[in-house]
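As given, the protein sequences belong to chains A and Z, one line each in that order. Residue numbering for the first sequence is 1 to 321, as defined by the numbering used here. Residue numbering for the second sequence is 1 to 321, as defined by the numbering used here.
Source of the hints: derived by calculation from the structure; they are not laboratory data. All values derive from a computational prediction rather than experimental measurement. Even glycine gets a Cβ: it sits at the ideal position worked out from N, Cα and C. One or more of the hints may lead you astray.
[As the list claims (entries may be wrong)] Computed beta-carbon distance windows for the label pairs:
hint : chain 1 : residue 1 : chain 2 : residue 2 : range
1    : Z       : A9        : A       : E34       : 41 to 47 Å
2    : A       : E34       : Z       : Y301      : 23 to 29 Å
3    : Z       : S27       : A       : R316      : 24 to 30 Å
4    : Z       : R244      : A       : I73       : 45 to 51 Å
5    : Z       : T213      : A       : L208      : 52 to 58 Å
6    : Z       : D199      : A       : K215      : 37 to 43 Å
7    : Z       : K278      : A       : D202      : 47 to 53 Å
[Unchecked claim] To give an idea of the interface, some chain Z residues facing chain A are shown, with a C-beta separation under 10 Å as derived from the structure:
hint : residue
8    : G222
9    : R272
10   : V275
Protein chains: 2
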Amino acid sequence: MGNKPDIDALLERFAEGNVTAAARLISVIENGGEEAERVLDRIFAQTSNAYRVGFTGPPGAGKSSLLYRLTRIFREEGRRIAVIAVDPTSPFSGGALLGDRIRMQSLSEDTEIFVRSLASRGSLGGISNCTDEVCDLMDAFGKDLILVETVGVGQSELEIAEKAHTVVVVLVPESGDGIQAMKAGLMEIGDIFVMNKCDHSDAELAALEIEDTLKLKNIPAGGWKPRVVLTSAREETGIDDLLRAIGEHHTYLQDKGLFRKKRKQILFSRVRRAVMDKLEQKLRNSETVRDLIDRRMKEVYDGKLSPYQVVRELERIVKID
Amino acid sequence: MGNKPDIDALLERFAEGNVTAAARLISVIENGGEEAERVLDRIFAQTSNAYRVGFTGPPGAGKSSLLYRLTRIFREEGRRIAVIAVDPTSPFSGGALLGDRIRMQSLSEDTEIFVRSLASRGSLGGISNCTDEVCDLMDAFGKDLILVETVGVGQSELEIAEKAHTVVVVLVPESGDGIQAMKAGLMEIGDIFVMNKCDHSDAELAALEIEDTLKLKNIPAGGWKPRVVLTSAREETGIDDLLRAIGEHHTYLQDKGLFRKKRKQILFSRVRRAVMDKLEQKLRNSETVRDLIDRRMKEVYDGKLSPYQVVRELERIVKID
Chain A
1 MGNKPDIDAL
11 LERFAEGNVT
21 AAARLISVIE
31 NGGEEAERVL
41 DRIFAQTSNA
51 YRVGFTGPPG
61 AGKSSLLYRL
71 TRIFREEGRR
81 IAVIAVDPTS
91 PFSGGALLGD
101 RIRMQSLSED
111 TEIFVRSLAS
121 RGSLGGISNC
131 TDEVCDLMDA
141 FGKDLILVET
151 VGVGQSELEI
161 AEKAHTVVVV
171 LVPESGDGIQ
181 AMKAGLMEIG
191 DIFVMNKCDH
201 SDAELAALEI
211 EDTLKLKNIP
221 AGGWKPRVVL
231 TSAREETGID
241 DLLRAIGEHH
251 TYLQDKGLFR
261 KKRKQILFSR
271 VRRAVMDKLE
281 QKLRNSETVR
291 DLIDRRMKEV
301 YDGKLSPYQV
311 VRELERIVKI
321 D
Chain Z
1 MGNKPDIDAL
11 LERFAEGNVT
21 AAARLISVIE
31 NGGEEAERVL
41 DRIFAQTSNA
51 YRVGFTGPPG
61 AGKSSLLYRL
71 TRIFREEGRR
81 IAVIAVDPTS
91 PFSGGALLGD
101 RIRMQSLSED
111 TEIFVRSLAS
121 RGSLGGISNC
131 TDEVCDLMDA
141 FGKDLILVET
151 VGVGQSELEI
161 AEKAHTVVVV
171 LVPESGDGIQ
181 AMKAGLMEIG
191 DIFVMNKCDH
201 SDAELAALEI
211 EDTLKLKNIP
221 AGGWKPRVVL
231 TSAREETGID
241 DLLRAIGEHH
251 TYLQDKGLFR
261 KKRKQILFSR
271 VRRAVMDKLE
281 QKLRNSETVR
291 DLIDRRMKEV
301 YDGKLSPYQV
311 VRELERIVKI
321 D
């Protein structure tokens with residue numbers, strides 16, 4: 001019993017386009033467990049092919065302001081938009097200056113735009129465990145454009161590349177050595193590079209640097225050549241160029257049949273991850289495993305047994321038919 | 001046959017204190033597989049209780065320069081030191097300015113100091129999969145002090161807290177909003193906070209900010225109160241204060257019996273991680289699993305089956321005795 005009838009009711013209202021129900025279903029998904037799976041099983045058939053665009057880059061690069069501008073324009077074009085922020089420093093997540101936050105929140109007052117921030121796994125952000133699933137929910141909710149904001153630190157920048165059709169890397173000219181190194185990772189995953197705050201004197205030089213680095217990339221014939229765009233979100237310059245670049249990448253994906261291929265990759269990596277999560281849970285819940293660990297780890301702590309001997313023993317307990 | 005006799009020979013020379021053999025064994029560990037396990041099984045009984053100190057913080061905070069200064073002093077005190085860098089932007093890894101790099105390399109010419117950089121998992125660094133194991137090797141090699149440098153981005157800062165007895169968080173006053181957010185994660189794991197480049201005008205204010213934030217922490221009676229130290233690695237100021245803080249934390253750990261407790265935690269989390277890695281491998285190698293995925297994923301791609309139905313099916317294939 002418990003919450004189950006509640007979820008059915010939520011799904012019903014969700015199917016009718018009720019925003020509150022959608023928001024509550026996201027919480028169900030975030031909480032995980034059987035309830036989450038039930039929701040995801042039910043909505044999966046309704047997911048089609050919403051276009052997922054990831055925005056990543058160092059904290060403070062202006063990703064949120066850029067998203068705000070883009071969202072307003074996409075909205076005027078009649079797109080049905082969801083904005084998912086997985087960045088604790090994002091104004092969408094309440095992590096930034098009050099002024100920004102209020103501006104972003106004004107988006108959510110437009111009931112046609114769904115704005116939601118997700119709790120991130122690490123304290124530093126990166127990407128939430130259920131970003132894919134929440135994107136699916138928004139897809140099933142009838143959104144055709146899903147914008148995901150993540151902070152590009154650690155391994156998270158690679159994860160967004162596994163989850164989005166198009167990756168926009170947002171950088172700022174003022175970044176020092178550290179950001180240079182960061183770029184190394186970001187270089188590999190960006191379809192579009194935005195040099196934001198282009199009113200800064202070093203912006204053009206920094207954009208040229210990125211273009212030079214991109215030239216070193218081995219792009220196969222007919223492959224996508226990453227675009228570099230100069231913007232200033234505050235002064236609304238370059239936003240059209242960015243929109244054009246996103247449009248071009250979208251067309252490219254469709255022309256090459258990559259849209260569906262990407263979707264397959266997303267689903268496959270999700271299954272793999274979910275299976276591993278389940279197995280970890282299964283191991284944790286197994287009494288045999290717990291007993292063995294209790295017994296053997298004592299010997300390991302005393303230096304009598306190598307950890308890898310325990311690992312091999314545990315491995316033998318797990319059987320795959 | 002193959003490399004096996006070679007590893008025995010390496011282990012023999014390693015036991016005699018041969019540095020080249022130690023370096024080659026690290027490569028064996030980095031490459032993983034059976035050979036790595038064999039090495040780790042063999043050296044495990046020789047690991048005792050080397051003191052492991054992790055240094056983390058944003059790229060460019062000056063972790064390497066600080067490590068360089070500390071290492072020279074520890075060396076004069078007769079400590080047997082290993083420096084393990086898992087930061088692609090670190091001069092130890094060859095990622096920084098040539099001058100720094102040469103200075104750091106001069107350390108390795110001192111045969112009593114073992115310096116090694118490890119390939120990191122993400123493009124951005126963080127921590128290597130085998131940091132623990134390489135620390136063990138250094139421990140078995142007779143090192144009593146192991147300094148690990150990681151870049152504090154993403155989830156990696158939490159990982160270093162699982163691997164080191166003492167965590168030193170290195171920050172710089174010039175950091176903006178992004179770093180503020182970063183601090184939120186770093187605040188939780190630091191035993192010692194270093195405000196480096198303290199010749200900067202904002203350094204004292206920044207250090208006070210950290211102290212204020214630390215006051216919000218709920219420290220149990222008799223618990224460790226994190227220290228905040230102002231340093232300038234280039235001008236060699238504050239290094240003594242940092243050394244004292246490290247010494248105090250070391251004493252604290254020993255007095256409270258936490259040294260051994262930490263070691264247990266390290267070993268336990270390693271076993272858990274290794275088991276999961278093995279299971280993932282086992283799943284990947286299983287024909288039953290591959291067949292099922294091939295068949296079912298087609299239905300998922302066509303929207304006929306939810307990914308979670310496949311996950312549940314896969315889960316049933318795995319049995320734990």
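_Taking the earlier hints as the rules, which of them does this structure contradict?_
Numbers 1, 4, 5, 8 - these are the hints that the structure violates, sorted from lowest upward.
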